[in-house]
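2 protein chains.
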Amino acid sequence: MDKNAPIGVFDSGVGGLTVVREIMKQLPNERIVYFGDTARVPYGSKSKETVITYARQIVKFLKTKEVKAIVIACNTACALAFDIVKEESDIPVIGVVKPGAKAAAASTKNGKIGIIATEATIRSGIYEEFLSQRNPEVQVHGKACPLFVPLVEEGLLEDSVTVEIAGRYLQSLKEYNIDTLVLGCTHYPLIRDTLQKVAGEGVTLVNPAFETAKSLKEMLEKNGIESDRTETVTDHKFFVSDGAEKFKVFANTILPCDVEQTKDINIEQY
Amino acid sequence: MDKNAPIGVFDSGVGGLTVVREIMKQLPNERIVYFGDTARVPYGSKSKETVITYARQIVKFLKTKEVKAIVIACNTACALAFDIVKEESDIPVIGVVKPGAKAAAASTKNGKIGIIATEATIRSGIYEEFLSQRNPEVQVHGKACPLFVPLVEEGLLEDSVTVEIAGRYLQSLKEYNIDTLVLGCTHYPLIRDTLQKVAGEGVTLVNPAFETAKSLKEMLEKNGIESDRTETVTDHKFFVSDGAEKFKVFANTILPCDVEQTKDINIEQY
Numbered sequence: 001m002d003k004n005a006p007i008g009v010f011d012s013g014v015g016g017l018t019v020v021r022e023i024m025k026q027l028p029n030e031r032i033v034y035f036g037d038t039a040r041v042p043y044g045s046k047s048k049e050t051v052i053t054y055a056r057q058i059v060k061f062l063k064t065k066e067v068k069a070i071v072i073a074c075n076t077a078c079a080l081a082f083d084i085v086k087e088e089s090d091i092p093v094i095g096v097v098k099p100g101a102k103a104a105a106a107s108t109k110n111g112k113i114g115i116i117a118t119e120a121t122i123r124s125g126i127y128e129e130f131l132s133q134r135n136p137e138v139q140v141h142g143k144a145c146p147l148f149v150p151l152v153e154e155g156l157l158e159d160s161v162t163v164e165i166a167g168r169y170l171q172s173l174k175e176y177n178i179d180t181l182v183l184g185c186t187h188y189p190l191i192r193d194t195l196q197k198v199a200g201e202g203v204t205l206v207n208p209a210f211e212t213a214k215s216l217k218e219m220l221e222k223n224g225i226e227s228d229r230t231e232t233v234t235d236h237k238f239f240v241s242d243g244a245e246k247f248k249v250f251a252n253t254i255l256p257c258d259v260e261q262t263k264d265i266n267i268e269q270y
Numbered sequence: 001m002d003k004n005a006p007i008g009v010f011d012s013g014v015g016g017l018t019v020v021r022e023i024m025k026q027l028p029n030e031r032i033v034y035f036g037d038t039a040r041v042p043y044g045s046k047s048k049e050t051v052i053t054y055a056r057q058i059v060k061f062l063k064t065k066e067v068k069a070i071v072i073a074c075n076t077a078c079a080l081a082f083d084i085v086k087e088e089s090d091i092p093v094i095g096v097v098k099p100g101a102k103a104a105a106a107s108t109k110n111g112k113i114g115i116i117a118t119e120a121t122i123r124s125g126i127y128e129e130f131l132s133q134r135n136p137e138v139q140v141h142g143k144a145c146p147l148f149v150p151l152v153e154e155g156l157l158e159d160s161v162t163v164e165i166a167g168r169y170l171q172s173l174k175e176y177n178i179d180t181l182v183l184g185c186t187h188y189p190l191i192r193d194t195l196q197k198v199a200g201e202g203v204t205l206v207n208p209a210f211e212t213a214k215s216l217k218e219m220l221e222k223n224g225i226e227s228d229r230t231e232t233v234t235d236h237k238f239f240v241s242d243g244a245e246k247f248k249v250f251a252n253t254i255l256p257c258d259v260e261q262t263k264d265i266n267i268e269q270y
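Quick mapping for you: the protein sequence lines, in order, are chains S and U.
Okay, so the first sequence: first residue is 1 according to UniProt numbering, each after it adds one.
Okay, so the second sequence: first residue is 1 according to UniProt numbering, each after it adds one.
Looking at chain S on its own, in the form it has when it is part of the complex:
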């Protein structure tokens, strides 16, 4: 295994870039190959079978780039396809859900944790499963928030409409008196300020992107495959299934490096 091979990161679209941002911060010497499935976004309303098909195609594509490890930087894909991708893979795979659940379990004091995510992630019960494995006493309350992704993509990050919708979505979680809220979709860190305001200052927000980068570091070390480069990598590669130009503009607003090249590929061929 080439220690300096890239890490493959994928998401249903642009949301996974919040995970890439954390990896770049915490692991500056690693090269990233990113794939965003912008042609078939969103995954959050799709069935398990469909998301598994898509994840398999993407892994097959990333393997052609000779990646040394795979990060599933999409909560929905992780919730629905992690087990299968891991089982079928001969290289290490990590997702965003387990690190997020771990951090939430460590953060809560009153044992009441809220999860906000897409319909498919909530329906899967994956966060409840991981959390009860870590601590059977914990109470988990999930809430699907299907309008957050379109609101983020429309750029209404601190808009009154986003505040109103967040108020409705978080109402039941506030009634449960949660003290920890997991941002269970990679788009949500982009409306973190609005969510903190609506949830109240007493609630700790957990961003799985941050925790995932930490877990990735541990996993690379455990497998002895961390890069031995000493310089910061800047020539990461980005691939999308549609709209490379639009993706590049968005990526440049949230990543600390210049995304110069992004390529469109036909993912259905894999």
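I should point out that these hints are in silico values taken from the structure, not numbers from a laboratory.
Please note that the accuracy of each hint is not assured.
Claimed, not checked - Just the calculated beta-carbon pair ranges, DEER-fashion:
1) S:163 with U:155: 18 to 26 Å
2) U:192 with S:245: 32 to 40 Å
3) U:2 with S:132: 57 to 65 Å
4) U:222 with S:258: 52 to 60 Å
5) U:160 with S:172: 55 to 63 Å
Unchecked claim - Within a straight-line C-alpha distance of at most 20 Å, the following computed EDC-like cross-link-like pairs (lysine to aspartate or glutamate) qualify:
6) U:246 with S:119
7) U:65 with U:49
8) S:48 with U:137
9) S:248 with U:264
10) S:48 with U:129
11) U:48 with S:119
12) U:3 with U:201
13) S:143 with U:154
14) U:48 with S:268
15) U:143 with S:49
16) U:246 with S:49
We put the beta carbon where it would ideally sit given N, CA and C, even for glycine.
Fit chain U to the supplied structure of chain S, relying on the hints for placement.
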């Protein structure tokens, strides 16, 4: 050509059912084979190349059902892929855009027409093109409304948030003093009441679904392929690329007949 062969209707998802509803009303003796691309919805943010690829796959699938004509019941697919689908097809093809534009041109008195639609439809300039062909004097103002589809799918048809967002989207069109507004996306008839309230009673709303069914009737007659059945058809067929059960529930809320069977198919194979 079998006069009693079915008519193929397709859309990116459930929106095209508003067109199906009109066809069932105006042409009760015709059998419909519907395909909704629920796995890859929405089309409104995708590139022309991708939408053309999807439309070709769908037409190929519908041909396996031996349809006698094709209705592109999706404004985005019609805006981006109509010419190619028509050129490559050996059976008649109609879309929703031309009938909608025709009705708008007939309706306006002050020559100022507003178009609300997805980003891709607005960017294509297709309504402007058809309208200026009919009447070069007409002024057309387009506005992309990307949040309407998720708001409709969330069921917020007359909600205060939908009213607020509609107020923002329609603001510039109101300033242009339009007297006619085209609902250029098949989801929008479902928020017709909210749009009428926000646009004001003096603005005529044009629903291309209604006009498309009228055009379909004329086209079948012109080609001598209208069905000679005398009974109302009830055994229409519905296919989707994902989530057949969810689709069926939605279809049963808006269609006048019972949708008993809906099948999932793998559209990428076509």
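If I claimed the Cβ atoms of residue 163 of chain S and residue 155 of chain U lie 18 to 26 Å apart, would that claim hold in this structure?
holds (20 Å)
Indicate whether the distance between the beta carbons of residue 160 of chain U and residue 172 of chain S respects the range 55 to 63 Å.
violated (19 Å)
Does residue 119 of chain S lie within 20 Å of residue 246 of chain U when you go C-alpha to C-alpha?
At roughly 13 Å apart (the allowed maximum being 20 Å), residue 119 of chain S and residue 246 of chain U satisfy the hint.
Is 32 to 40 Å right for how far apart the beta carbons of residue 192 of chain U and residue 245 of chain S are?
holds (35 Å)
Note whether the CB distance of residue 222 of chain U and residue 258 of chain S lies within 52 to 60 Å or breaks it.
With Cβ atoms ~57 Å apart, the hint holds.
Satisfaction of hint between residue 49 of chain S and residue 143 of chain U, Cα-Cα up to 20 Å:
violated (36 Å)
Check the hint pairing residue 48 of chain U with residue 268 of chain S against an upper bound of 20 Å on the C-alpha distance.
It holds: about 17 Å lies between the C-alpha atoms, which stays within 20 Å.
Note whether the CB distance of residue 2 of chain U and residue 132 of chain S lies within 57 to 65 Å or breaks it.
holds (59 Å)
Proposed proximity, residue 201 of chain U with residue 3 of chain U (alpha carbon, max 20 Å):
violated (43 Å)
Residue 65 of chain U and residue 49 of chain U were given as a pair; does the straight-line alpha-carbon distance stay at or below 20 Å?
violated (25 Å)
Please work out if residue 48 of chain S and residue 137 of chain U have their alpha carbons no farther apart than 20 Å.
violated (52 Å)
Is the Cα-Cα distance between residue 48 of chain S and residue 129 of chain U 20 Å or less?
Status violated; Cα separation ~42 Å.
Checked against the numbered hints given earlier, the structure breaks hints 5, 7, 8, 9, 10, 11, 12 and 15 and satisfies all the rest.
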